[in-house]
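**Q** Now for the letters of each chain:
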Amino acid sequence: GAVVSQHPSRVICKSGTSVKIECRSLDFQATTMFWYRQFPKQSLMLMATSNEGSKATYEQGVEKDKFLINHASLTLSTLTVTSAHPEDSSFYICSATPGGEEGYTFGSGTRLTVV
Amino acid sequence: AQSVTQPDIHITVSEGASLELRCNYSYGATPYLFWYVQSPGQGLQLLLKYFSGDTLVQGIKGFEAEFKRSQSSFNLRKPSVHWSDAAEYFCAVEDTGRRALTFGSGTRLQVQP
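Chains D and G are the protein sequences, given in the same order. For what it's worth, our numbering labels the leading residue of the first sequence as 1, then goes sequentially. For what it's worth, our numbering labels the leading residue of the second sequence as 1, then goes sequentially.
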């Protein structure tokens, strides 16, 4: 089945620094990938849709200058949290689909802690 | 806009008992519906999905779900729960316009020995 790999699984960074999270589709090409955020004991909220070769589409209320998305190839999307602050601490999960009726495959998530 | 409601925040069942997790959706067209399971600190694993056809869908780990258009529901069932089924369960509907998922708030399942 379709596999999505996400790295790192955990990261701790200092306030004011930037963190990059990678999302790779291992056995299929994904022109579109999705980035979700999940707060503790809450559901997943779509942050943005990453489009290969073009600008990402951000959901309302998501700061595009803080959460930079790059989708440079058909198998890789990156999310960079810039100038991170403690309130950015969260669980970030990416997703992609091979298309058709395959459904959506999720990465294993990245636990970001900003100290 | 589409929405998904999971009325039960937390459910506890005994091992070996049957399970039903409720999911109601709001969507204008024929929905694409999904159930995912999440273990603590992990990503999401797809249990099953409904796109069209037979309204009773079989999934992995012995789970099944039934799509009922008249009730706007897509409830997840399992005849006999195992301790390893303890996790968070999410129902989701696909927004075919932007091809992303809208999730319910989740149901946390505890399994008693």
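Be aware that one or more of the hints could be misleading.
Listed next, the in silico DSSO-like pairs over lysine-lysine satisfying Cα-Cα at most 27 Å (straight line) [unchecked claim]:
#	chain 1	residue 1	chain 2	residue 2
1	D	Lys66	D	Lys41
2	G	Lys61	D	Lys41
3	G	Lys68	D	Lys14
4	G	Lys68	G	Lys49
Just so you know, the hints here were simulated from the structure itself, not pulled from any lab data.
**Q** Does each hint hold? Answer for all of them.
**A** Hint check:
{"no.": "1", "hint": "D:Lys66 to D:Lys41", "verdict": "holds, 24 Å"}
{"no.": "2", "hint": "G:Lys61 to D:Lys41", "verdict": "holds, 24 Å"}
{"no.": "3", "hint": "G:Lys68 to D:Lys14", "verdict": "violated, 49 Å"}
{"no.": "4", "hint": "G:Lys68 to G:Lys49", "verdict": "holds, 14 Å"}
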